[in-house]
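All chains should be modelled from the sequences, with the hints used to inform the complete structure.
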Amino acid sequence: MQAGKPILYSYFRSSCSWRVRIALALKGIDYETVPINLIKDGGQQLAIIEYLEETRPTPRLLPQDPKKRASVRMISDLIAGGIQPLQNLSVLKQVGEEIQLTWAQNAITSGFNALEQILQSTAGIYCVGDEVTMADLCLVPQVANAERFKVDLTPYPTISSVNKRLLVLEAFQVSHPCRQPDTPTELRA
Amino acid sequence: MQAGKPILYSYFRSSCSWRVRIALALKGIDYETVPINLIKDGGQQFSKDFQALNPMKQVPALKIDGITIHQSLAIIEYLEETRPTPRLLPQDPKKRASVRMISDLIAGGIQPLQNLSVLKQVGEEIQLTWAQNAITSGFNALEQILQSTAGIYCVGDEVTMADLCLVPQVANAERFKVDLTPYPTISSVNKRLLVLEAFQVSHPCRQPDTPTELRA
Numbered sequence: 001m002q003a004g005k006p007i008l009y010s011y012f013r014s015s016c017s018w019r020v021r022i023a024l025a026l027k028g029i030d031y032e033t034v035p036i037n038l039i040k041d042g043g044q045q046l047a048i049i050e051y052l053e054e055t056r057p058t059p060r061l062l063p064q065d066p067k068k069r070a071s072v073r074m075i076s077d078l079i080a081g082g083i084q085p086l087q088n089l090s091v092l093k094q095v096g097e098e099i100q101l102t103w104a105q106n107a108i109t110s111g112f113n114a115l116e117q118i119l120q121s122t123a124g125i126y127c128v129g130d131e132v133t134m135a136d137l138c139l140v141p142q143v144a145n146a147e148r149f150k151v152d153l154t155p156y157p158t159i160s161s162v163n164k165r166l167l168v169l170e171a172f173q174v175s176h177p178c179r180q181p182d183t184p185t186e187l188r189a
Numbered sequence: 001m002q003a004g005k006p007i008l009y010s011y012f013r014s015s016c017s018w019r020v021r022i023a024l025a026l027k028g029i030d031y032e033t034v035p036i037n038l039i040k041d042g043g044q045q046f047s048k049d050f051q052a053l054n055p056m057k058q059v060p061a062l063k064i065d066g067i068t069i070h071q072s073l074a075i076i077e078y079l080e081e082t083r084p085t086p087r088l089l090p091q092d093p094k095k096r097a098s099v100r101m102i103s104d105l106i107a108g109g110i111q112p113l114q115n116l117s118v119l120k121q122v123g124e125e126i127q128l129t130w131a132q133n134a135i136t137s138g139f140n141a142l143e144q145i146l147q148s149t150a151g152i153y154c155v156g157d158e159v160t161m162a163d164l165c166l167v168p169q170v171a172n173a174e175r176f177k178v179d180l181t182p183y184p185t186i187s188s189v190n191k192r193l194l195v196l197e198a199f200q201v202s203h204p205c206r207q208p209d210t211p212t213e214l215r216a
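Here the protein sequences line up with chains A and B, keeping their order.
The numbering of the first sequence is full-length UniProt numbering, which starts it at 1 and goes up by one.
The numbering of the second sequence is full-length UniProt numbering, which starts it at 1 and goes up by one.
Keep in mind the hints are simulated off the structure, nothing from the lab.
A virtual CB, placed ideally from N, CA and C, is assigned to each residue, including glycine.
Please note that the accuracy of each hint is not assured.
[As the list claims (entries may be wrong)] Derived DEER-like restraints, expressed as beta-carbon distance ranges: (1) B/D92 x A/D65: 20 to 28 Å; (2) A/P155 x B/L194: 38 to 46 Å; (3) A/I29 x B/I152: 45 to 53 Å; (4) A/S90 x B/P86: 31 to 39 Å; (5) A/S90 x B/K94: 23 to 31 Å; (6) B/D179 x A/E54: 35 to 43 Å.
In structure tokens, the structure reads:
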């Protein structure tokens, strides 16, 4: 292990880890991955992304204008605080096998109902305007979760089209769960 | 209603609303409160008007400078960027990361798991245990973190966004009868914060919509 390289403790499938991997890829930061199989509740990777933004400011992940920054944070918090924690592994274990699929679907659809509305005013090519921001780093992994839980995405055309545009970008590709050091063989790209 | 004053949509008892009330108080920002009762009339947050303001149907929401912001931490970061004194985030990026980490832990990792809407879904029988579990898991982690970051307050010796998240969450813990003995750092930081004026004026017991029987 090289001295000095940042070390990311990551689970291939964790949407929280994926957000940070995208940020590291976008900023061209080389890092070591230490795969972990335990998933901690996802509350704190936005703090990591904001730290990367403040210490490696280019390319930017937050717009310059405070009002647009507020939109980016609002969308990021909605996903990272309002949707993901309600459908993470630990919570699903607690609600139990019988209802966990419905529970996860509800968490996602409630959040996506709100998010679709918000994106209709903020979105350009991406979630907020035409540059990739922290909001986009949150969106793509959450849409992947939605697909895993078989949520019908037809009611969310803006979410879907922004997601499609993001997925072709290199940073979102290299960081994808199907291409990680700990991706199981059967799920590899 | 005076033109120009920010408008805060708030519920007296909502911990998320309280965070923003503290920030507004600390920064000396005068504002109007529009109370949104989360229980009356099936929950006023579900009204069409409020939904247009915040599609997540949650408090708080803040109308300021011609825009409406929701998500309490996004609101606080906006206030910090546009009204920078007194500061709520340290200057040093690593300390800022600590402040945000603690804030995210509470605002993203604890509170959403014990808010009204989730407790309704888990049902009356298990909701107390559910809330207690959410809080104790989070506080177990938080107590450990504070042991390295805390000075007088959560991160060092200045009040930060982390403290704005801590106090309302401790109040929730008390409401759900969580035993705070395992959390001496959380408890002592909380005590020190509660005596500060901004934490007092913003307290749930002193709001325009505080029920008479709960008033200070």
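Hints, verified against the model:
{"no.": "1", "hint": "B/D92 x A/D65: 20 to 28 Å", "verdict": "holds (24 Å)"}
{"no.": "2", "hint": "A/P155 x B/L194: 38 to 46 Å", "verdict": "holds (45 Å)"}
{"no.": "3", "hint": "A/I29 x B/I152: 45 to 53 Å", "verdict": "violated (34 Å)"}
{"no.": "4", "hint": "A/S90 x B/P86: 31 to 39 Å", "verdict": "holds (37 Å)"}
{"no.": "5", "hint": "A/S90 x B/K94: 23 to 31 Å", "verdict": "holds (28 Å)"}
{"no.": "6", "hint": "B/D179 x A/E54: 35 to 43 Å", "verdict": "holds (38 Å)"}
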